[in-house]
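In this text, residue positions in the sequence shown follow this note's numbering: the first is 17, and each later residue adds one.
Simulated from the structure, these hints should not be mistaken for laboratory data.
Check each hint, because a few of them may be wrong.
[Stated by the list, open to error] Okay, derived cross-link-like pairs now, DSS-like style, lysine-lysine, Cα gap no bigger than 27 angstroms in a straight line:
1) Lys118 x Lys48
2) Lys226 x Lys315
3) Lys108 x Lys226
4) Lys225 x Lys300
5) Lys108 x Lys48
6) Lys300 x Lys108
7) Lys225 x Lys315
8) Lys228 x Lys48
9) Lys118 x Lys93
10) Lys228 x Lys108
11) Lys228 x Lys315
12) Lys108 x Lys118
13) Lys300 x Lys228
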Amino acid sequence: MPEFIYVILSFGLSLLIAVRSIPTIISVAHQKHLFDEPNGRSAATQVVPTLGGIAIFLGFVLSVTIAGNGFVMPGLKYIIAAVIIMFFVGLKDDILNVSPWKKLVAQMTSAFMLIVLADIRFTNLHGFMGIHEISYTVSLLLSGFVMIVFINSFNLIDGIDGLASGISIIAAGVLGVWFYLAGNIEYTILSFSLIGALSGFFWFNVYGKKNKIFMGDTGSLILGTIMSVLVIQFNELNIIQTRPFAIASAPAVSFGILIYPLFDTIRVFAIRIYQRRSPFSPDKNHIHHRLLAMGMSHKQATLTLMAVTAVYLVPVFLLQGIGIWGLMAVNFVFAMGSVMLLGRHLQVKQLIRKDDPFQQILIPRHNERLIDMPSLERQDKKPAPVRRGLVRALSQLDKISFW
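Sequences and hints are given; from them, build the entire structure.
Listed below in structure tokens is the structure:
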């Protein structure tokens, strides 16, 4: 049987399992009152079941097991074991809550299984800072750090409908196609099993009305674990540049593929540390929260970030030849420029309120405050001062940081 049939089977089977299981999960969640309560980190405004990760877990594991039968995938049992650990920790957190330290211990346990037992780890830096092969100790530390960062990054961006799953569908799709072209059918099946499960979840999460569901920590922890495996293998398979479809500057290309979750995590952690708060303290300072503040709906914000991510992949792959340093510089210039542009647009847009067209809301460096201006009702016969006030306000935008 042609290999691409197994790829189609992996996608179709995981999609079917997710779509068929989600209504049942929602029904049970409603009966047992297992809902997400809106909080300081979440942008949710209503109670919604949080057990969508169960469908993602079932779709992924069953699809990989069935479609991958007959292919030799070293370390598959450890990958599934690591996913199972994250599944149960996330499930408990969604139902009863788990302390951050206990979750960190579980993440480290999963990372240990993947790195030491499955041997899924970085062994080469592709010439970054003049370094190629790295020692086993450095490999363990670097791989573990990357896995934990990935797991937490996807957990942090799971704040609005469809964002974590949508970004992951794009990233896994790109990596899955590359694995297929490079002749690695095992990781192609792994990628498309994830895409199928996420696609089924995405529909209910974004477009569901009566059957709406969130992935919860059950889903986001699984997602980060699988994506870290795919990215590490992508880098390892590109060490030898003479292989078919070899990608240069693989570490920088990987960052470009997942630029939103990685950069947004770095950004919010930097802000929280600068403000002398815990990096894990909840807030609404993520980029997707800023899009909501501009008046976008959850769906609009998600589709916007997905579109930007997809479009940005074109220059990422076209510029792979400029080297890791050069492409990483492009990544950060693009990310920083996008954030600054978004901040400027947000500030200008929020100069005008819906309920009072001439009351402005500016976002200074550390907190939010209101700057009152005369309303049109009080200045209906003398609009000139209002216009001058708006000009003065606009002139101050250069002094106001979006950060």
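Hint-by-hint comparison with the structure:
| no. | hint | verdict |
| --- | --- | --- |
| 1 | Lys118 x Lys48 | holds (25 angstroms) |
| 2 | Lys226 x Lys315 | holds (16 angstroms) |
| 3 | Lys108 x Lys226 | holds (25 angstroms) |
| 4 | Lys225 x Lys300 | holds (25 angstroms) |
| 5 | Lys108 x Lys48 | holds (14 angstroms) |
| 6 | Lys300 x Lys108 | holds (24 angstroms) |
| 7 | Lys225 x Lys315 | holds (13 angstroms) |
| 8 | Lys228 x Lys48 | holds (16 angstroms) |
| 9 | Lys118 x Lys93 | holds (24 angstroms) |
| 10 | Lys228 x Lys108 | holds (21 angstroms) |
| 11 | Lys228 x Lys315 | holds (13 angstroms) |
| 12 | Lys108 x Lys118 | holds (11 angstroms) |
| 13 | Lys300 x Lys228 | holds (22 angstroms) |
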